[in-house]
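Kindly produce the complete structure, drawing on both the sequences and the hints.
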Amino acid sequence: MVNEAGTGSDATIYDVARVAGVSPSTVSRAFSRPGRVSAQTAERIRQVAEELGYRSREVTRAAAKTTTKVLGLAVADITNPFNFRVIRGCQAAAAEAGFVVTLNDAQESEALEREMLRRSLPLLDGLIIASSRLSDTELRTLAKSLPVVILNRRVSGLHCIVPDMAHGVRKAAEHLLALGHRNITYLAGPEASWADGMRWRAVRESARELGFTEHRVGPFAPTLQGGRGAAEVIAARRLKAVVCFNDLMAIGLMQGLAERGVKVPEQVSVVGFDNIFASALVSPGLTTVAAPLTMLGDSAVRYITATLTGHTSPETGPVLVPVRLIVRQSTAPAA
74 MVNEAGTGSD
84 ATIYDVARVA
94 GVSPSTVSRA
104 FSRPGRVSAQ
114 TAERIRQVAE
124 ELGYRSREVT
134 RAAAKTTTKV
144 LGLAVADITN
154 PFNFRVIRGC
164 QAAAAEAGFV
174 VTLNDAQESE
184 ALEREMLRRS
194 LPLLDGLIIA
204 SSRLSDTELR
214 TLAKSLPVVI
224 LNRRVSGLHC
234 IVPDMAHGVR
244 KAAEHLLALG
254 HRNITYLAGP
264 EASWADGMRW
274 RAVRESAREL
284 GFTEHRVGPF
294 APTLQGGRGA
304 AEVIAARRLK
314 AVVCFNDLMA
324 IGLMQGLAER
334 GVKVPEQVSV
344 VGFDNIFASA
354 LVSPGLTTVA
364 APLTMLGDSA
374 VRYITATLTG
384 HTSPETGPVL
394 VPVRLIVRQS
404 TAPAA
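Whatever position you read off the sequence shown (first residue = 1), add 73 for the numbering used here.
No wet-lab data here; the hints were simulated from the structure. Ideal Cβ positions, reconstructed from N, Cα and C, are used throughout, including at glycine. Be a bit skeptical, because a hint or two may be false.
Label pairs and their in silico Cβ distance ranges [claimed, not checked]:
id, residue 1, residue 2, range
1, Gln328, Glu116, 40 to 48 Å
2, Ala251, Gln180, 17 to 25 Å
3, Phe350, Glu124, 15 to 23 Å
4, Val392, Val143, 21 to 29 Å
5, Ala379, Val400, 34 to 42 Å
6, Gly284, Pro395, 20 to 28 Å
7, Ile151, Ala309, 46 to 54 Å
8, Ser96, Gln328, 45 to 53 Å
Structure below.
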């Protein structure tokens with residue numbers, strides 16, 4: 074039975090809010106996302122909740138939790154084949170350590186990613202986030218609750234594992250220069266992508282160091298359809314050498330160019346990024362910068378399990394994983 078103050082086992086979030094003098098949404102954030110509420114307000118809410126006998130689902134779960142042996146993996150888009158080998162790497166390393174992995178698909182939506190992570194946190198011992206669209210501040214707030222590893226992006230203060238994109242872009246540029254190309258275009262992916270910004274920067278740095286002229290087209294969605302949409306621009310500008318944000322865009326670009334009667338590689342040389350399984354199956358085969366994606370997932374899980382047992386060292390910067398250029402049939406000498 075609830076008395077006038079809202080005390081007792083039936084106390085609700087509204088009772089806590091009324092007594093604490095805050096809104097119900099503030100009470101909810103105090104329990105589920107404490108980093109978004111001032112320490113003074115959060116402490117006041119906790120005291121009132123204790124006096125009223127209120128326990129949120131998050132608090133009850135956290136109080137009962139010692140370890141779940143569950144790790145979370147959040148990806149920007151499960152349909153992007155980039156994630157396939159990352160997932161396998163995570164699963165294999167987790168199984169070896171006695172953990173299981175749950176998968177969250179943000180569907181390229183910042184709002185959906187934020188909500189999924191909020192709901193998942195109380196169930197997890199650690200979290201791996203690949204190609205996140207959230208802000209650095211939000212990601213650092215998440216890391217206050219549990220061990221977090223960021224893949225394919227650098228966030229100051231967090232453990233990050235990223236492919237050596239600067240080296241990969243340079244190898245792609247050197248390959249195109251050796252074929253006689255002096256103008257190289259970067260086909261940009263989503264503006265919210267950290268990796269996209271780093272690849273474009275690497276293109277500009279390579280242009281200064283190697284002596285070619287760089288161009289940028291985009292942004293476009295990091296999908297087959299995004300690449301197909303870019304084909305109209307590439308064809309209209311008569312661009313001859315294109316390095317794409319990822320393999321999906323590169324394959325879509327080749328399809329779109331073929332529909333317009335533009336031949337790859339005779340008229341346009343195309344380079345992708347990631348070496349997804351389809352890059353070797355399309356015709357012509359896609360020249361691409363390959364990263365050891367399984368290693369990204371494996372390394373992330375090993376870091377978290379080491380953190381949980383107190384065997385990690387202080388952060389010194391992002392962990393770079395090596396990349397290599399795989400030359401196939403989508404690049405040819407400049408016409």
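Going through the hints against the structure:
Checked against the hint of 40 to 48 Å, the C-beta distance between Gln328 and Glu116 comes to roughly 58 Å, which is inconsistent with it. At about 40 Å, the beta-carbon gap between Ala251 and Gln180 misses the expected band of 17 to 25 Å. Range check, Phe350 to Glu124: about 58 Å between beta-carbon atoms, so the 15 to 23 Å window is missed. Val392 and Val143 have their C-beta atoms about 24 Å apart, which keeps the hinted 21 to 29 Å range intact.
Evaluation of the 34 to 42 Å hint for Ala379 and Val400 yields a pass: the beta carbon distance comes to about 37 Å. Range check, Gly284 to Pro395: about 26 Å between beta-carbon atoms, so the 20 to 28 Å window is met. A C-beta distance of roughly 33 Å is found between Ile151 and Ala309, which places it outside the suggested range of 46 to 54 Å. The hinted range of 45 to 53 Å is satisfied by Ser96 and Gln328, whose Cβ atoms lie roughly 51 Å apart.
Comparing the model with each numbered hint stated earlier shows that hints 1, 2, 3 and 7 do not hold.
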